[in-house]
Amino acid sequence: MRNIWTIANREYKLYFASPAPYLITFMILLVIGVLFYMDIQFGAQQGAPMGVEVVLSPMAFLLMLATPVITARLLAEEQRMGTIELLLTAPVRDWELVVGKWLGAFMLMLTIAAVSIIYPLILNRLVSPGIDQGPVLSGYLGIVLLCAALAAIGVAISAFFSSQIAAFATTLGVLIFLWWIVGFLTQLGGGAGLFSQVVGYLNINTHFYNNMLRGVIDLQDIAYYLSLTALGLFVGTMAVETRRWR
Amino acid sequence: MIRVEELTKDYGARRAIDQLTFNADKGEILGFLGPNGAGKTTTMRILSGYMPPTSGKAEVAGFDVVEQSLEVRRRVGYMPETVPLYPEMTVFDYLKFMADLRHMPDAEDRVDDALEMVHMGDRAGGYIGNLSKGMRQRVGLAQALIHKPEVLILDEPTIGLDPVQIIEVRKLIREIGRDHTVLLSTHILSEAQQLCHRVLIINKGKIVVEDTPERLQARLAGAQRITVKVGGDADGLERVVGAVTGVAHISASIDGGLEYESAAGQDARPAVARAVVGAGYDLLELHPIGLSLEEIFLQLTRDEPTPPAPDDGEPVEDEPDVA
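Quick mapping for you: the protein sequence lines, in order, are chains A and B.
Each residue of the first sequence is one higher than the last, beginning at 221 in my numbering.
Each residue of the second sequence is one higher than the last, beginning at -8 in my numbering.
Fair warning: there could be bad hints in the mix.
Unchecked claim - To list a few chain A residues with every Cβ distance to chain B over 10 Å, as calculated: (1) N223; (2) T226; (3) L234; (4) A237; (5) F246; (6) L282; (7) A310; (8) N344; (9) A389; (10) V419; (11) L439.
Said to hold, decoys possible - Under 8 Å between C-beta atoms, here's a sample of chain B residues computed to sit facing chain A: (12) S46; (13) K48; (14) E50; (15) F54; (16) V57; (17) R64; (18) Y69; (19) P71; (20) P75; (21) L92; (22) K162.
Just so you know, these hints were derived from the structure itself, not from any lab.
For glycine and all other residues, C-beta sits at the position ideal for the given N, C-alpha and C.
Starting from the given sequences, assemble the full structure and let the hints guide the process.
What follows is the structure, encoded as structure tokens:
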């Protein structure tokens, strides 16, 4: 347990030592900030009710895009530099290493998401009698679960490569597949049949957008994200273990 | 401390080490000597718990490297050949990270101790990326020492260092070797000679010979070899020396002199000296030359049969070639 925290702590601190995370955070918050402003202008003119989704909706998407940047280097860099040899000859279990790396990335993503909390707070002041609290809570819970799953997928893919670029491209590909292509496939299946239902369950964004963002906390959505997280960590651990045999 | 039995490792079709069997006792400094690609790094990686062998058994500090890998890793300090480090971390942070991973209770003190041992106490705040090669090597060594392991496995610890740094690192290894078991690999033969209690010569994944450096030299020295050097014109020297009884195998040596071998047990030096001076030459040098570890190494890794140890009672069959 302690090993996980040691590794996670180091990764988290290391993120702040390089420019990339600052840039990502800046871009994400910039886009969200601009959209927030525009939405408020629009909302004020239209008189339409506004909720937390004006912030969380774009943020989920941006976090998905940011994941490859954040996670690509986690294990790929260690493999490229040879420092993986130090980690694998230390008394650290393989899964502790993977979970530690994941936790570091997860904490970074949560930090970025946490900064966005000022927007619902501002919104609460501007909208009378106040925005709907339910979706705020379930929305942020959804973000937390989404980040966990995204980070896990990123770490797992990073474990397979020695090149950050390859890990980056593959992670982006996988996430886009889960975000859009799956939805597309669901439509192909006709929308209602068993195929569509099964494939539709795999869609990473509907669990968030359709349910959690609307204030609905459904066990199947939570199970989906947790399973995806567990799967990512498991695959990552397997990848690290097979490294030992090469 | 280290017990290896019939250790074999295949990388696909290539057999990197083949049925290696050897031991190292507590407090011993064991040297792995061999050309590049001989299997030294592979063996060290297996012993440090990095990878499992294809077959065979290896035990470090009483724990099996496959079944009880975590226990082995707790007791081993390993410095890989490439000395991997994190350039974006400071020396102190890096060593503290390593100490934390090994659950050292007083991590910061341990870091200070380790830095003292490698004489880098004043560079603790610097970024690893800014260090010279020699300093990086010392940081790597500090990392291997930080948890005061029972066994140290050092893969080419002095590679890439300048002569001053090499002397320092060797001194350090000698100091450490007093309380720890050290397994180090090198292809610098004089290093093996200076540092190691015992030397294992490996070639193509197999152990070619295993002995102390001195006995190894004695085994392969065989017949006595004497070098003769005269001043000025050396014409006809060969004939003169060759005429002395007890002299066999005359050859020219690289630096312009002459080398001959005398049969075992016979010392032809007085007769040779008299013959040379009597024939009118200016005798400058007349002394025996031992077989250097270099020549032993070359001979052994050239796939020639190894002469048996002297107490076997058999006569030495192979005579060393003059380089």
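Checked hints:
| no. | hint | verdict |
| --- | --- | --- |
| 1 | N223 | violated, 6 Å |
| 2 | T226 | violated, 4 Å |
| 3 | L234 | violated, 7 Å |
| 4 | A237 | violated, 6 Å |
| 5 | F246 | holds, 21 Å |
| 6 | L282 | holds, 26 Å |
| 7 | A310 | violated, 5 Å |
| 8 | N344 | holds, 41 Å |
| 9 | A389 | holds, 24 Å |
| 10 | V419 | holds, 39 Å |
| 11 | L439 | holds, 37 Å |
| 12 | S46 | violated, 14 Å |
| 13 | K48 | violated, 18 Å |
| 14 | E50 | violated, 16 Å |
| 15 | F54 | violated, 11 Å |
| 16 | V57 | violated, 11 Å |
| 17 | R64 | holds, 4 Å |
| 18 | Y69 | holds, 5 Å |
| 19 | P71 | holds, 5 Å |
| 20 | P75 | holds, 4 Å |
| 21 | L92 | holds, 5 Å |
| 22 | K162 | violated, 25 Å |
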